[in-house]
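Protein sequence lines correspond, in order, to chains A and B. So for the first sequence, the numbering used here puts the first residue at 1; every next one is plus one. So for the second sequence, the numbering used here puts the first residue at 1; every next one is plus one.
Don't read these hints as lab results, they were simulated from the structure. Note that the Cβ used here is the ideal one computed from N, Cα and C, for glycine as well. Misleading hints may appear alongside valid ones.
[Stated by the list, open to error] Non-contacting residues of chain B with respect to chain A, defined by C-beta distances greater than 12 Å in every case (computed):
hint : residue
1    : R23
2    : D45
3    : A54
4    : G68
5    : E105
6    : V136
7    : P143
8    : L303
9    : A315
[Unchecked claim] The calculated label-pair distances, taken between Cβ atoms and stated as ranges, are:
hint : chain 1 : residue 1 : chain 2 : residue 2 : range
10   : B       : R237      : A       : E22       : 47 to 57 Å
11   : A       : A61       : B       : P212      : 43 to 53 Å
12   : A       : G111      : B       : G65       : 14 to 24 Å
13   : A       : G57       : B       : P212      : 51 to 61 Å
14   : A       : P129      : B       : R53       : 30 to 40 Å
15   : A       : A50       : B       : A64       : 25 to 35 Å
There are 2 protein chains.
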Amino acid sequence: MKILITGGAGFVGALLAHKLLEREHLDGQPINELVLADLVPPAADLLADARVRALTGALIAQCAGLRGESFDMVFHLAGALSAECEADFDLGMRSNLDSTRALLEALRAAGNTPRLIFASSLAVYGPDPGLPLPAVIREDTLPTPQSSYGAQKFICEQLVADYTRKGFVDGRNARLVTVVVRPGGPSGAASSFLSGIVREPLKGEFAVCPVPPETRVALASPARTIAGLIAVSEASRDVWGGRIALNLPALTVSVGQMLDALEAVGGTQARALVQFEPDAEITRIVGGWPAVFDNSRAARLGLEPDPDFLSIIRAYLADYPREKQIH
Amino acid sequence: MKILITGGAGFVGALLAHKLLEREHLDGQPINELVLADLVPPAADLLADARVRALTGALIAQCAGLRGESFDMVFHLAGALSAECEADFDLGMRSNLDSTRALLEALRAAGNTPRLIFASSLAVYGPDPGLPLPAVIREDTLPTPQSSYGAQKFICEQLVADYTRKGFVDGRNARLVTVVVRPGGPSGAASSFLSGIVREPLKGEFAVCPVPPETRVALASPARTIAGLIAVSEASRDVWGGRIALNLPALTVSVGQMLDALEAVGGTQARALVQFEPDAEITRIVGGWPAVFDNSRAARLGLEPDPDFLSIIRAYLADYPREKQIH
């Protein structure tokens with residue numbers, strides 16, 4: 001089996017690559033080749049694996065070359081992030097919409113109807129002035145994106161669905177919720193602070209929280225996110241069911257509850273490092289995303305949300321022990 | 001007021017142009033200039049009006065030129081039709097998606113936030129394998145397009161909504177139902193026969209009906225369709241409400257009921273001219289469109305569906321007396 005991961009050098013892409021290499025198989029087939037496409041090369045440990053090939057550069061420029069390759073499975077994770085797309089409309093249209101369309105055209109040209117998992121986002125949802133969000137989001141809830149990132153993701157879902165209907169690809173749209181705790185530094189995502197308010201205090205550093213503590217958010221640990229992408233890639237067409245996007249499982253917590261868990265792990269001194277500095281734009285975007293999902297369709301694929309935020313922090317500390325310095 | 005109609009030489013575009021010229025005003029402003037953009041020039045009577053200017057050629061090629069113009073109001077009706085888009089995927093992507101995006105970019109570049117009425121379609125709806133259509137369609141029903149035409153229209157709605165949110169245009173998405181009775185000949189729409197099975201028999205000619213008589217369809221007369229587009233263009237932002245697409249009012253009838261009305265006007269000899277020859281692809285596309293809509297939002301804009309199909313035929317005969325030859 002030959003697999004392509006776009007955004008393969010990013011946090012989620014690299015985790016997925018590691019997991020696939022460790023599994024050695026996907027959907028009952030041995031993994032012979034894993035192509036990691038991204039703006040930058042993947043980490044050295046990934047590159048050292050004989051099955052890994054790097055494709056470095058802008059995805060949209062590489063799609064002409066991809067036409068000559070036949071992938072069995074494609075995880076399309078590449079894209080500009082939410083705050084970036086809101087600040088630079090043209091960047092988002094190019095990096096999310098145009099790149100996805102170019103990828104779809106390349107996969108169509110290859111002619112082998114590869115399976116394609118498109119990483120969409122809960123950001124497709126938001127409260128339209130003409131239609132408030134329901135209390136609980138289901139897969140048949142009408143998305144009304146309130147950010148360009150969300151609009152671009154929702155448009156790409158429609159492209160994936162129609163390319164699938166036409167038989168050009170075997171596409172599945174999976175909507176990720178916010179992945180926490182991410183190691184490293186802040187990103188261009190409006191939700192970046194949701195990792196920062198845990199990661200930075202555990203290192204003894206200040207962190208800014210731009211939304212009020214009562215803000216509720218929908219989260220998943222990196223491990224559950226990867227498990228979700230793999231389950232989507234291995235689901236039979238019957239179990240998957242139609243061409244409607246799937247909402248991956250979400251743990252619903254308030255920012256205040258996140259800080260309670262931080263305090264349980266890092267003590268009051270860790271919590272005291274989080275400073276509330278309201279940011280209207282971040283509050284509008286992140287506060288507009290829904291936090292409560294009906295995850296029954298994901299459950300039929302064997303996927304469950306993380307049990308609580310404490311377990312997410314503990315898993316982070318186990319996976320990245322050097323990130324924690326004060327405890 | 002300077003108005004642009006794309007698809008301005010088409011049936012609906014030309015009717016709208018005539019109506020606007022006759023009204024002389026729109027949204028309280030005098031109409032000084034009416035630009036009709038289409039692949040072919042508009043009819044001579046429209047061109048003879050001093051307020052009319054023709055822009056002839058492919059819309060996508062003209063959009064660079066449109067960047068230098070400031071329109072107050074744009075009716076975007078141009079596009080490839082449903083059966084054409086299903087037969088030629090690339091044509092649909094270019095004529096519907098790329099052209100609409102180029103138009104949006106031109107209007108954004110003009111910098112005056114023009115009001116834009118985008119003619120979407122009930123074809124955004126269809127029964128997905130994973131989600132059957134509800135009995136009654138409302139504006140918050142999730143569209144799951146089952147044709148490339150429907151997918152492209154739904155994608156364009158998302159673009160119009162986000163360009164509106166960003167303040168680049170003041171856009172409104174209005175979903176048209178099938179417009180009958182159209183004069184002239186067949187078109188590239190999968191629904192073309194819905195005019196043909198009335199128009200042809202009234203001229204003493206055979207007509208083929210590719211769907212079973214029990215098929216229910218959602219229809220509007222040309223006059224109600226034009227009234228709908230004008231009401232949408234004149235609605236205040238408050239009355240319009242948010243960025244969700246509006247379903248224009250629909251009369252629900254079965255094909256059998258349409259033929260009952262044909263017989264009431266043209267006699268049994270007219271009805272006998274309609275031959276049922278099932279076409280699986282047309283039945284899939286047209287039979288997949290919903291037929292029953294909750295039109296309460298349209299009613300708040302003062303819009304009602306046609307009262308019955310007999311009145312639609314009578315209006316057609318009054319408007320196009322020379323089309324009727326056997327009665």
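Taking the hints in turn, this is what the structure says about them:
1. R23: Consistent with the label, B/R23 stays out of reach of chain A, its closest Cβ about 28 Å off (over 12 Å).
2. D45: holds (39 Å)
3. A54: Nearest chain A Cβ is 31 Å from B/A54, so the label holds.
4. G68: Holds: least Cβ distance 20 Å, greater than 12 Å.
5. E105: violated (9 Å)
6. V136: The assertion about B/V136 holds, with a minimum of 14 Å to chain A.
7. P143: Not fine: 8 Å to the nearest Cβ puts B/P143 too close to chain A.
8. L303: holds (17 Å)
9. A315: holds (32 Å)
10. B/R237 / A/E22: 47 to 57 Å: holds (54 Å)
11. A/A61 / B/P212: 43 to 53 Å: holds (50 Å)
12. A/G111 / B/G65: 14 to 24 Å: violated (38 Å)
13. A/G57 / B/P212: 51 to 61 Å: Holds, since A/G57 and B/P212 (Cβ atoms, about 54 Å apart) stay within the stated range.
14. A/P129 / B/R53: 30 to 40 Å: holds (35 Å)
15. A/A50 / B/A64: 25 to 35 Å: With a Cβ separation near 50 Å, A/A50 and B/A64 fall outside 25 to 35 Å, so the hint is violated.
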